[in-house]
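**Q** Given next are the chains, with one letter for each unit.
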Amino acid sequence: MTRRFHLALLRAASLAVRAAEREEWIAEWRAELWYVTPWRRTAFCLGAFRDAFCVRRHAPAPVHLQSPWECLGVLAVLAALSVFFALQLPLPREMFFSRTLPVGLVSVSGISFDNYRQFPAARSNVAFFGPVRFREGNLPVALASRTLLDLLHLPATARDAAAAPLVLTLTAWHRNFASDPHIVGRRTTVGGHPAQVVAVISDRVWRLPGSAEAWLLADEPDLDTQSVGYVVARLPSRTIHVTIHRADGGIAAFTCLPLAEPGLLFSFLLMMAVSAAILPAVTRFSLGEYPPSFRRWAFLAAKIILVIPIVLFGSCDVFSLIAPAVQPHAMIVVSVIGFRWILVDQRRRCPVCLRVLTHPTPIGEPSRTLLEWYGTELLCTRGHGLLHVPEVRASYTEQRWLRLDSSWSSLF
Amino acid sequence: MAIETRLSHTAAMILQAIEAGDGYGFSVMEMTGLPSGTVYPAMRRLERDELIRSQWEKASIAEAELRPARKYYKLTRAGKAALEASQKRYPLIAKLVPAARTEDA
Chain A
10 MTRRFHLALL
20 RAASLAVRAA
30 EREEWIAEWR
40 AELWYVTPWR
50 RTAFCLGAFR
60 DAFCVRRHAP
70 APVHLQSPWE
80 CLGVLAVLAA
90 LSVFFALQLP
100 LPREMFFSRT
110 LPVGLVSVSG
120 ISFDNYRQFP
130 AARSNVAFFG
140 PVRFREGNLP
150 VALASRTLLD
160 LLHLPATARD
170 AAAAPLVLTL
180 TAWHRNFASD
190 PHIVGRRTTV
200 GGHPAQVVAV
210 ISDRVWRLPG
220 SAEAWLLADE
230 PDLDTQSVGY
240 VVARLPSRTI
250 HVTIHRADGG
260 IAAFTCLPLA
270 EPGLLFSFLL
280 MMAVSAAILP
290 AVTRFSLGEY
300 PPSFRRWAFL
310 AAKIILVIPI
320 VLFGSCDVFS
330 LIAPAVQPHA
340 MIVVSVIGFR
350 WILVDQRRRC
360 PVCLRVLTHP
370 TPIGEPSRTL
380 LEWYGTELLC
390 TRGHGLLHVP
400 EVRASYTEQR
410 WLRLDSSWSS
420 LF
Chain V
8 MAIETRLSHT
18 AAMILQAIEA
28 GDGYGFSVME
38 MTGLPSGTVY
48 PAMRRLERDE
58 LIRSQWEKAS
68 IAEAELRPAR
78 KYYKLTRAGK
88 AALEASQKRY
98 PLIAKLVPAA
108 RTEDA
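Chains as they are written, first to last, in my numbering: chain A, 10 to 421; chain V, 8 to 112.
By construction, these hints were calculated from the structure, which means they are not laboratory data. Keep in mind that a hint or two might mislead.
[To be verified] Mimicking SDA-like on lysine to any residue, the simulated pairs with C-alpha atoms at most 20 Å apart in a straight line are:
#	chain 1	residue 1	chain 2	residue 2
1	V	K87	V	R60
2	V	K78	A	F58
3	V	K78	A	L19
4	V	K65	A	L42
[Said to hold, decoys possible] Some chain V residues close to chain A (C-beta under 8 Å, calculated; not the full set):
#	residue
5	F33
6	S43
7	P48
8	R51
Beta carbons: idealized from backbone N, C-alpha and C, even for Gly.
All chains, please: the whole structure from these sequences, using the hints.
**A** Okay, here's the thing in structure tokens:
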């Protein structure tokens with residue numbers, strides 16, 4: 010491991026330290042690193058992360074978040090920015106705000122090209138494609154009917170392609186074409202035939218069945234009439250049942266299910282469900298023992314309402330730019346962090362004025378944990394009271410709020 | 008008496024190492040055998056509790072010795088009292104830390 014790698018580790022750890030303390034913190038670790046033998050340097054630098062988090066934990070809370078109104082103001086600005094960028098960026102806009110018409114997907118088994126011809130919809134609203142026909146390197150390509158162009162609402166210029174039109178998934182565009190910004194119109198060959206890329210479609214919004222990642226569009230006479238494949242149709246209802254008369258005299262019944270995911274609602278429900286399952290593992294749901302206060306509950310509700318758009322849209326905005334493939338997972342991670350912050354922040358606020366409690370002071374004796382109270386005491390700077398947070402948490406050692414009456418006011 | 012009981016064994020070892028050794032972070036690590044992720048956070052806590060204080064050495068001294076400047080830690084009066092109390096509570100500490108240094112040397 011090179012010195013540059015270890016300095017990068019220290020630099021990464023220093024991000025956890027407040028900007029005002031960062032230079033001195035990293036200067037000390039860099040100076041100490043000089044003495045460490047090369048084979049111990051990585052372990053030494055990993056210890057810096059623990060130190061950085063300790064420094065961070067004991068740093069005072071940012072001033073602009075201490076006041077409840079300023080906290081809500083910052084959250085409101087972040088929520089507004091998240092929604093604004095979600096409306097501007099292509100992937101979040103497509104995911105949350107696109108008005109995808111109901112599209113039916115027929116079950117894959119037993120659909121031949123002949124069955125496809127019987128489908129009860131206008132020809133422009135039905136498309137057929139077969140299983141993977143070609144493999145260009147690691148790109149699986151299927152043959153599809155030209156009506157797929159109508160289904161995708163591609164511009165008219167796509168129909169004027171000089172060679173067979175080729176539709177790519179976003180993954181194939183990233184992997185096989187190095188995210189070429191001028192991909193539309195680019196000439197390539199598929200199975201020895203000339204082709205021209207006419208569109209890149211999102212994996213999320215248009216998740217076609219099968220393992221194909223590209224579709225080469227061909228005229229219907231060129232498609233194998235006996236091949237079994239898939240039918241995609243834009244249909245008037247979300248779920249319909251289709252009955253088809255087979256060539257052998259039999260009858261096949263199919264159920265058409267919606268293809269496009271209900272973007273916003275689905276993402277929201279998924280985020281809430283997974284976060285609710287993970288949250289107990291990273292923090293407690295309890296908000297401490299406090300006297301009932303409508304203001305406190307209203308503040309909690311306001312924070313939840315503002316944090317939801319931040320994690321929902323904000324995470325999608327950021328990760329659609331830096332790593333679209335991990336965006337769904339990132340949204341869950343960000344939502345867990347966001348909801349954990351809501352609970353931790355709520356527990357660290359004065360129940361009267363809702364300002365962040367300050368001046369943490371260790372109280373008690375660690376060596377006498379079982380016999381005496383041991384933990385941290387926080388103070389409301391307005392003199393409303395003290396919060397006792399036990400170091401060892403158990404059902405009988407919940408954090409306690411000690412209200413200070415007016416006789417203490419002379420101290421504040 | 009309150010200070011005596013507040014100090015953990017690790018904190019007492021670090022105080023002893025600062026008192027007996029050169030007083031910068033890596034020397035404390037070497038004398039106590041504790042990892043960096045334990046020593047530096049503990050020293051920051053001791054400094055916060057005003058048992059030790061830190062000071063960067065002059066750059067000219069470090070340059071003369073062709074090494075980076077060190078951040079030295081020293082025991083405060085309260086730190087010395089805490090160490091004396093800890094030595095009574097953990098009698099082996101006074102022997103343990105200098106012994107480790109001799110072994111390294």
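**Q** Let me make sure I understand: some of the numbered hints might not hold for this structure. Which ones are they, in numerical order?
**A** none
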